[in-house]
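Enquirer: Construct all of the structure, not just a fragment, from the sequences and the given hints.
Number of protein chains: 2
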Amino acid sequence: MTRQGLIQQIREKKSFLCVGLDTDMDKIPAHLLKLEDPIFEFNKAIIDATKDLCVAYKPNVAFYEALGPKGWESLKKTIDYIPSHCLTIADAKRGDIGNTSTYYAKTFFEYLNCDAVTVAPYMGEDSVTPFQEFKNKWVILLALTSNKGALDFQFTTDSNGEELYKKVLKKSSKWGSEENLMYVVGATRAEGIAEVRKIVPNHFFLVPGVGAQGGSLEDVAKYGWNNDCGLLVNASRSIIYASNGTDFAEKGREEAKKLQQEMELILKEKHF
Amino acid sequence: MTRQGLIQQIREKKSFLCVGLDTDMDKIPAHLLKLEDPIFEFNKAIIDATKDLCVAYKPNVAFYEALGPKGWESLKKTIDYIPSHCLTIADAKRGDIGNTSTYYAKTFFEYLNCDAVTVAPYMGEDSVTPFQEFKNKWVILLALTSNKGALDFQFTTDSNGEELYKKVLKKSSKWGSEENLMYVVGATRAEGIAEVRKIVPNHFFLVPGVGAQGGSLEDVAKYGWNNDCGLLVNASRSIIYASNGTDFAEKGREEAKKLQQEMELILKEKHF
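So the sequences go chain by chain: C and A.
If you use the numbering used here, the first sequence closes out at 1219, no skipped numbers anywhere.
If you use the numbering used here, the second sequence closes out at 1219, no skipped numbers anywhere.
Keep in mind that the hints are not guaranteed to be accurate.
Note: identical chains are not told apart, hence a pair may lie in one copy or across any two.
Listed next, the in silico DSS-like pairs over lysine-lysine satisfying Cα-Cα at most 25 Å (straight line) [claimed, not checked]:
#1 LYS1084 <-> LYS1198
#2 LYS1095 <-> LYS1117
#3 LYS1121 <-> LYS974
#4 LYS961 <-> LYS1215
#5 LYS1053 <-> LYS1024
#6 LYS1169 <-> LYS1095
#7 LYS1023 <-> LYS961
#8 LYS1084 <-> LYS1095
#9 LYS1095 <-> LYS1053
#10 LYS1053 <-> LYS960
#11 LYS974 <-> LYS1053
#12 LYS1145 <-> LYS1117
#13 LYS1017 <-> LYS1053
#14 LYS1053 <-> LYS1023
#15 LYS1118 <-> LYS991
#16 LYS1121 <-> LYS1215
#17 LYS1121 <-> LYS1095
#18 LYS1017 <-> LYS991
#19 LYS961 <-> LYS1198
#20 LYS1217 <-> LYS974
Derived from the structure by calculation, the hints contain no laboratory data.
Expert: Structure follows, in structure tokens:
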């Protein structure tokens, strides 16, 4: 999906919601466990219930990998099932030396045919650019993450007083363009979002941390908005585990709808 | 495998060689391609030919992932086939927020039953420690990598003039111990190895970059040695692709043997 295509979806659906598919065998409703592929059946129901309310889905690859080859099959079926009007993001946080990153890119962009993959920046340019050689595909680079450990290294200031996450933004923004590069910016660091926006005014941000992790949608919009919206706000657990009964998809839709309605208000306020 | 167990293997085999299984469908000998699982058959032959010469194997997970569920089956069969006297390292460079890292840990330590996994440090403590909750398992954290992109962020100096990789070493060495934590330190940065050794005198290093990437074994030993050897030197392509004929395993053994003999000399010089 192109940048323009994504913006068009945000306008049509009045939403910049990304639904995180952190699908966990230990948390899905018991009645699904007797089916042949419970993970896929769960995702299918969630997708059916939310696809008009969100513009992206983000399967968290760790949860599928832990199930072995069968998990990869569930992941592939899920990605194939996501309608083409939604961006598919593999949350995989890969990154390795050049020829290895090319293999990771093949996995996510060719084998799974995702639109985007999350990548870690520690190994630098040649660990990122192999992903950017795939047309109409996206790298979503970790910049400022939502977890506690983000404080360990991301805020390290260099001799000019510049934090590491800012250096990551400045350098990496030259490796790609706003057409093939987004950034992960955690909702739990609202003021940080404003700092990130100053450095990369045009890029989209994938923003985790709203919902279960405690970030505020209002703050994210306040600090992260740009002229093209520029935001994909992810919620995972608050939507997909809204109920663990047979009504899980319906209850998940209700949670997604609440977020979409908040987003619709924000988009209206911004005259988008 | 425990640290003492690893040291014992180094003494017995007179080797601190790790063989990297970057097994690539496009590079393995043509005669294997007609078999049901060419990747596993290739690895099996390489393992049979080198298991007395090395103390560790390191499958590069990217190459297996790119083949989908079948690749994960080949990876599992490979790890199951590696004899228990060799350390098994999944080179996966994972790292995510806490509950997700736990799933990655389950994948590599439970499902695949590897001894060790490589992890990226950008997201900090809570992305690393979930791996360290598994008994007799190892995290091998990226510190100073062998690629060009290492220069982008790893050498960023903070306001005290300290490089990022040194900060990673100092902080992370408190998260685990020399019994469950090693570091990736690239052979292409020989003087860097000496700096790393000053900060973490007792930890083992996994050293890629000897062979195809141009690093020198002599320099690695000169700068990285500690009283327990403290080194696992990896070679991948120079061993596994020594020939692309039916003699690939035999030629791979010859290359592994050359490295093992150099290592034997070093161990002798060090009276180990």
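Enquirer: For LYS1121 vs LYS1215, is the C-alpha pair at or below 25 Å within one copy, between two copies, both, or neither?
Expert: This pair counts as neither: shortest intra-copy Cα distance 33 Å, inter-copy 49 Å.
Enquirer: If the cut is 25 Å between Cα atoms, do LYS1145 and LYS1117 qualify within a copy, between copies, both or neither?
Expert: So LYS1145 and LYS1117 pass the 25 Å test inside one copy only (11 Å; across, 32 Å).
Enquirer: For LYS1121 and LYS974, with the copy left unspecified, which applies at a CA distance of at most 25 Å: within, between, both, or neither?
Expert: neither (41 Å within a copy, 33 Å between copies)
Enquirer: For the identical chains here, do LYS961 and LYS1215 meet the 25 Å Cα criterion within one copy, between copies, both, or neither?
Expert: within (9 Å within a copy, 71 Å between copies)
Enquirer: Treating 25 Å as the Cα threshold, decide for LYS1053 and LYS1023: within, between, both or neither.
Expert: both (14 Å within a copy, 20 Å between copies)
Enquirer: 25 Å Cα cut-off: does LYS1084 pair with LYS1095 within a copy, between copies, both or neither?
Expert: Between copies only: 24 Å across, 30 Å inside.
Enquirer: From the Cα coordinates, with 25 Å as the cut-off, is the pair LYS1053 and LYS1024 best called within, between, both, or neither?
Expert: both (17 Å within a copy, 22 Å between copies)
Enquirer: Could you figure out if LYS1017 and LYS1053 sit no more than 25 Å apart (CA to CA) within one copy, between two copies, both or neither?
Expert: Both, since 19 Å and 15 Å are each at most 25 Å.
Enquirer: Please sort LYS1053 with LYS960 into within, between, both or neither, judging by C-alpha distance up to 25 Å.
Expert: Neither: 31 Å inside a chain and 38 Å across chains, both beyond 25 Å.
Enquirer: At most 25 Å between CA atoms: does that hold for LYS1118 and LYS991 within a copy, between copies, both, or neither?
Expert: neither (39 Å within a copy, 42 Å between copies)
Enquirer: Classify it for me, LYS1023 with LYS961: is the Cα-Cα distance of at most 25 Å met within a copy, between copies, both or neither?
Expert: neither (28 Å within a copy, 45 Å between copies)
Enquirer: Quick one: LYS1095 to LYS1117, C-alpha cut-off 25 Å, is that within a copy, between copies, both, or neither?
Expert: Intra 23 Å, inter 18 Å, cutoff 25 Å: intra and inter.
The structure is inconsistent with the numbered hints 1, 3, 7, 10, 15, 16 and 20, although it conforms to all the rest.
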